Amino acid sequence: MKRSRFPFVVTAVVLVFFYLPILILVIESFNASRFGGAWRGFSFVWYFRLFHEPAIWLAARNTLLIAVSVTFVSLILGTTSALALHRFAKSRLQRFHYTLIYTPLVVPEILMGISLLMAFVAAGIRLGMMTIVLAHVTFCISYVALTVLGRLQDFDFTIVEAARDLGATGWTATRRVLLPMLAPGLAAAGLIAFTLSMDDFVITFFVAGPGAETLPLHVYSMIKHGATPLINALSTLLLALTFTTIFISQRLSKSGAMEGGQ
Amino acid sequence: MNMHTMGKFAFSVAVAAAVLGAAACGGGAKGPSILHVYTWSDYIKPELITRFETENDCKVVIDTFDSNEAMYAKLKAGATGYDVIVPTSYMVSLMKSQDMILPLDHSLLPNLVHVDPDYLAIAIDKKMEYSAPYMLTNTGIAYLKSKVKNFEPTWAMFDRTDLKGRMVMLNDMRETIGGALKYLGYSLNSVNPAELEKAKDVVLGWKKNLAKFENEQYKTGIASGEFLLVHGYSGDILQVQAENDDIAFAMPREGGVISCDDLVIAKSAKEVKLAHAFINFLHIPDVAAQNTDFIQYLCPNKDAYPLMSEKIRGNAGIFLAPEIRAKCEILADLGANNALYVKVWDEIKAGK
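Just so you know, the protein sequences line up as chains W and Y, in that order. With this note's numbering as the guide, the letters of the first sequence map in order to residues 1 to 262. With this note's numbering as the guide, the letters of the second sequence map in order to residues 1001 to 1352.
Covered, in the sense of this in silico footprint (three residues per stretch, anywhere, with C-beta under 8 Å from a C-beta of chain Y), are these stretches of chain W:
1) 111 to 118
2) 197 to 208
3) 211 to 221
In short, the hints are calculated from the structure, not lab data. Quantities reported herein were computed from a predicted structural model and do not represent experimental measurements. Just so you know, even glycine gets a beta-carbon here, dropped at the ideal spot from N, CA and C.
Extracted from the complex, chain W is given alone in its bound form:
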């Protein structure tokens, strides 16, 4: 029986539709022309220009600082809440907790941005890097908690119990048994939090304070008034970074899944 080629064609078309624009952006980043209209030769000029823009590098530094802090804080909070959700899945309190964890995924970003800004203003918190970190943590916790919760579904808790039977304290069992076994899931969750924090625009725009400009904020304002090819070059670098992190995270979850299956 001959296999239909239809699924293959559909897949190919969908992939082209998804990735062609990205490919064009990458190609344009090497175009010497300032406007994407015509090809004016291969050039690294936009990459060189990019390295001489202090404002961009300051924004990049801010973005990375924020992303690292957010990853760290939301990993801890998200993992503990996933443990609670898993352990007491039947309790009414935890079901309410689950709804709370789930909500940030469905609330529109603009609503979250404005309400966070109003909350910060009402509480008299000075806007700055700190407020961006807090805002990002509020939605990253959800992604971390749900990712880790997924890993916990097929986690064999008898191993932790065995460790306790053999005399390990609760802390030792957590540190030496639970965390190492959860590590691939934690790494995947951390990378998700990191990427989400890196490219958030809407919420960041509202809660950013003076002097705490992040890359996405800078890029948006450049589109309005600045040189477009710089953005192409910057996006290409970001793409490379994002794809690498996603790739690593997938590898980690895959190897984790294999270990779990054994």
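With chain W fixed as given, assemble chain Y onto it according to the hints.
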């Protein structure tokens, strides 16, 4: 369970450390005073910032926004910490009516004597009570010299059937209806329904010859020769001209839109004195000239004009002839009357 509580304690310490660490990085506000400027990106020559910092022993921190509306929404929701803001004129009126900006203290702004009186004649804030002009852009017509025969600087170009399908006008109701109003000899801030009705018919006539109404792609379109004549902003066109010298820019002789981004001081500003010093600094003729040469927008500072490069002075798209400039207008905030334009624009978009 003692160790268990220890674990929790260690977690909270780690959380606190991470949060405090981030806070410390963001809030290094000790030392010399800091001026916070909220503006568009790439809108000032970097060397001038350094010069201002040395002269005033301060630090300037620039944050950027990408639209007047987003900036307004953010400040309106209560965001503070910005001293000098650079909104467009119509937004200045709105911010003033919402009590979001401070009146300017002219005793701290001696350099405002250099501001071009011809510009002030058409400005919204003629006495500069709340705002000082920063940079001007013109909306006019760009065309390919080799392809458009018998070009005339007039809005009537959009009637030319030989260019049918190769022309683009801005997808902006105030700009495009404004062009038609000017063509008919009316004010482009007109709120007279009869005048708007006539303008609608004019735009509907032009629409037959247009490829589309569009705001961004027209730049690449004219650079690649896909479009022969476009309605566009001088700042954009200048960038395209740098690559394709077949492109020329002209202001219609009936007049058109001039937009101005203004310097204002936020009500919540902490460095009010320094903010005044900054505005005053930007209007030193030599500074204004350097700034204009660099960012290619025109600072309306009459004593800076002679100091500007030949490239800027010789460009009729930036440096308008006095008789044309006198016919140009600034888009004013129309408040509730904006609905009149929305209605006409909807009819134009739907009409044939």
